[in-house]
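Participant: Below, each chain spelled out in residue letters.
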Amino acid sequence: MATTKYTKMAYASADEMVFGEAKKPISYGLGIKVGQGLVIPEINFAPRPGSEKSPESLTKEYVDYIATDIMNRAVTLGFPAVQLENEWIFQMSNEPEKFAKPVVAGQKAVIEKFHDQYGIACAVRHTCADSRLHENGMRYGQDKTHNYPEKMMESFEVAAEAGADVISIESVGGKEISDFAVVRQDIRGWLFGIGYLGSIDMEWLWTQIVDLAKRKNVIAGGDTNCAGANTAMFMAGGYLDKDVPKTFSAVTRAIASARSLVAFECGATGPDKDCGYEGPILKAISGNPICQEGKGAQDAHADLMGNLIAATCDMWSNESVEYHPEFGGSSVQCWLGVIGYEAALMNAAKQMKQDKVLRDIYVASDRFRGAEPYILAYDNAYKIGQAIIEAGDSYYLRAKAAGLKAAELIRDSNNKGKLKLNKQEKDTLNKIITDLNSLPDEEGKFVDWALKEYKDVPAFNPKNYEL
Amino acid sequence: MSLDFDAVNADKILIRYDIVVESSEKPEDIAKQYLPENQFLRQIAQDVMNLKSKDIEKHVSEALETLSAEEIIEKGLLAGMDIVAELYGRGIYYLPHVMVASDAMTRGTKVAEAALSGERKYKGVVMMHAAEGDPHDIGKNIAAVLLKSNGFNVVDLGKDILVDTVVDEVQKQKPDVLTGTALMTTTMSAFSRISSRLKEVGVELPFICAGGAVNREYVESYDMGIYSAKAAEGPGLANKAIEGWDWKKIRSNWDDIINGKA
Ligand code: B12
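Order-wise, the sequence lines are chains A and B. Per the working numbering, the very first residue in the first sequence carries number 1; after that it's consecutive. Per the working numbering, the very first residue in the second sequence carries number 1001; after that it's consecutive.
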């Protein structure tokens, strides 16, 4: 499969990166322009429990209530542009023709109506589910029980044909190993799972998605390592959580960036998925527009970089909210207000030529809140990006380089007394640096070792990766 | 050039409360009061506590020369895990310590089990699954480890498990406790279906339901449902079932069980 690996950073320096502008801007949908001077809010939602019972009830929920509410509020508040994101629920991906098609077509009709009437720029992203089960087989013909790999690709077909503007996925290659490794604080296993296996699966998957998107004339957005790095980040949590040290989750994020980059190498154009916190690293390398989420995603989860992660975004998201009433309207309307106003602030800053000032204020707010925000601050993200491209074409070596660079950045700032770490975080960081440095310099040797080391991990089947 | 961020005084913007309250207690000091007297058992408990799976098999074999396999499992391996749970509860150990300690315990247990005269006597059987259509299973897997470490026989059906399969397996294997995990609001409805199907076939048992999507109100809206928010609560709830409490009694004393008062 032909993928083009990056050999040069898209930006000459970190300081060149700022929200609302991307080196490779794109236009699509009903007047949407991403990375061309305006940050656009992207609102994501989940239907109420019970609405999944029939295609009719689900369509009513997604179209008549959710999409219509969103468009009404966007116009009410005067937002120039809005993107809807629909993360497919199980019922949609299991029976795309029956459950998904009417939803996709219905949402499109709603945004078209508002676009025609008011001229508001809009589009819908469909994030089809990756329901593949590692134990049953990730490639075609392997999963005789559910046919999940086939259903996944069928989902994209249905989405694209019924009116999706952007297609995306949160793919799960390598997750069986990263799940095992994250709860054992085993960075070498994590590197094997996401850095190596995950990248291989991404290449397989994204070559096909890009091809399909070209045929159907839709945008191939991008991926996110939700399955790996977000699992680590959610488990690491905040200051009261003791499940995973935050230095560990920070290093997993850097490794994940080398993996999520593969979508762009296969020809995806962005905007990538909101929950891919690795976005700033990808943008630094590739110049594709990114979608991020932070303080406006408190409806879905709390993270330690609510402001910082906005610094280089092109779209700004709420991650996801269940549809229900609030005092200020329905939940999607309220959260659209939150992210839409933040986008307005960024766009005003841009017009007043204060965008880099606002960017740096965002960063200053959270830079030292934790190890993960620290490495995702655009200057550090840029350095991790450099480590990736300097490491060459090997998926293993570049993911390892990204992880090591992140660990070193954290260590150096901590030594200077700037980024504080608790004892567990420090111990873990030292072990990570030792572990990564102990690994071989050759991909083949590493893979041989890892295949033996992790052969008994439940659900791990090398055939899923053609190994 | 961008700003010199090192000039920012973060202390005026955020407080690292985790560092403020960081415990200076050492695992060894806390463990002292819990470690078994017998030197073999003590060594095994320490292997578990110190995450040393390298020598644990050897140590178990040595202990088998003078002690029974049951004793080694109960008072050595599981006692070690109790200390680990205590350290985790106090925030001195993190989850990975628990998982790696449990790997060590499992290795030791295998050696001891081979020497058992009959079948190993478990506290009871817990059957686990993640809901039909739901791929989120990491919370379930953590809970499984904690239950095993507490002496339960865990039968893990896996993730994305059909309602029918769950009902069939419960009838076949007759566990003491059933658990379900759902992280999506659109998959959790499987739990109420499982509950009514079990009722139809005349089976009643405590059904612990957990996962990001579910809440106590929902879980208590159908029979048998017992809510849990944290994996660490699993053993406490399952223990009550083994003591003979039915789901109604567990449910009505839920707050006390969770707070360690019952
Ligand atoms: C990581 C993650 C994933 C990973 C899962 C990896 C894995 N191995 O589990 C992947 C990428 C696969 C994934 C996929 C999807 N996800 Co997801 N995911 C998450 C995320 C970010 C974190 C979940 C997590 O691991 N939490 C940490 C674990 C430890 O928590 P936990 O499982 O709840 O367990 C705790 C307790 O519940 C309890 N517990 C659990 N089980 C048990 C059992 C017993 C016996 C006991 C006692 C206790 C107990 O103990 C644990 C703590 O101690 C959440 C975000 C969130 N806010 O939750 C979204 C989230 C759950 N996902 C969501 C969605 C929508 C999806 C997708 C449908 C998206 C898509 N279209 O692609 C797909 C599913 C595709 C499909 N097949 O249908 C939504 C669900 C929204 C809703 N209302 O339903 C969430 C809430 C994100 C959001 N806000 O949009 N996801």
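Honestly, the hints are just simulated from the structure, not real lab data. You may find that some hints are simply not true.
[What the hints assert, rightly or not] Using 27 Å as the maximum straight-line C-alpha spacing, the simulated DSS-like pairs for lysine-lysine come out as follows:
| no. | chain 1 | residue 1 | chain 2 | residue 2 |
| --- | --- | --- | --- | --- |
| 1 | A | LYS33 | A | LYS53 |
| 2 | B | LYS1012 | A | LYS420 |
| 3 | B | LYS1012 | A | LYS356 |
[What the hints assert, rightly or not] Covered, in the sense of this in silico footprint (three residues per stretch, anywhere, with C-beta under 8 Å from a C-beta of chain B), are these stretches of chain A:
| no. | segment |
| --- | --- |
| 4 | 46-54 |
| 5 | 177-185 |
| 6 | 291-298 |
| 7 | 393-404 |
[Unchecked claim] Using C-beta positions, here's what the derived DEER-type ranges look like:
| no. | chain 1 | residue 1 | chain 2 | residue 2 | range |
| --- | --- | --- | --- | --- | --- |
| 8 | A | SER54 | B | SER1221 | 38 to 48 Å |
| 9 | A | SER438 | B | THR1106 | 20 to 30 Å |
| 10 | B | THR1165 | A | ASP241 | 53 to 63 Å |
| 11 | A | GLY78 | B | GLU1204 | 28 to 38 Å |
| 12 | A | GLY31 | B | SER1221 | 29 to 39 Å |
Virtual Cβ for every residue (Gly too), placed ideally from N, Cα, C.
Participant: If you draw a straight line from the CA of LYS33 of chain A to the CA of LYS53 of chain A, is it 27 Å or shorter?
Facilitator: This hinted pair is violated, its Cα atoms lying about 36 Å apart.
Participant: Can the restraint linking LYS1012 of chain B and LYS420 of chain A be considered satisfied, given a maximum Cα separation of 27 Å?
Facilitator: holds, 14 Å
Participant: How does the segment 46-54 of chain A fare against chain B when you require at least three residues with a CB closer than 8 Å, holds or violated?
Facilitator: Coverage by chain B holds here, the residue count being 7 at a Cβ distance below 8 Å.
Participant: Within the assertion that chain B covers the segment 393-404 of chain A, do at least three residues meet a Cβ-to-Cβ distance smaller than 8 Å?
Facilitator: violated (count 0)
Participant: Is the listed coverage of the segment 291-298 of chain A by chain B valid when you require three or more residues with a beta carbon under 8 Å from a beta carbon of that chain?
Facilitator: Three-residue rule not met by the segment 291-298 of chain A, so violated; n is 0.
Participant: If you look at each residue in the segment 177-185 of chain A, do at least three have a Cβ nearer than 8 Å to any Cβ of chain B?
Facilitator: holds (count 5)
Participant: Holds or violated: LYS1012 of chain B with LYS356 of chain A, Cα cutoff 27 Å?
Facilitator: holds, 22 Å
Participant: Range first: 29 to 39 Å. Now tell me if the beta carbons of GLY31 of chain A and SER1221 of chain B are that far apart.
Facilitator: Violated, at about 45 Å.
Participant: Quick check on a hinted range of 28 to 38 Å for GLY78 of chain A and GLU1204 of chain B, using CB atoms only.
Facilitator: violated, 57 Å
Participant: Quick check: does the Cβ-Cβ distance between SER54 of chain A and SER1221 of chain B fall within 38 to 48 Å?
Facilitator: violated, 21 Å
Participant: When you take the CB atoms of SER438 of chain A and THR1106 of chain B, is the distance between them in 20 to 30 Å?
Facilitator: holds, 25 Å
Participant: Taking 53 to 63 Å as the stated bounds, is the beta-carbon spacing between THR1165 of chain B and ASP241 of chain A within them?
Facilitator: Because 33 Å falls outside the window, the suggested range is violated.
Violated hints, in rising order: 1, 6, 7, 8, 10, 11, 12; the structure is consistent with all others.
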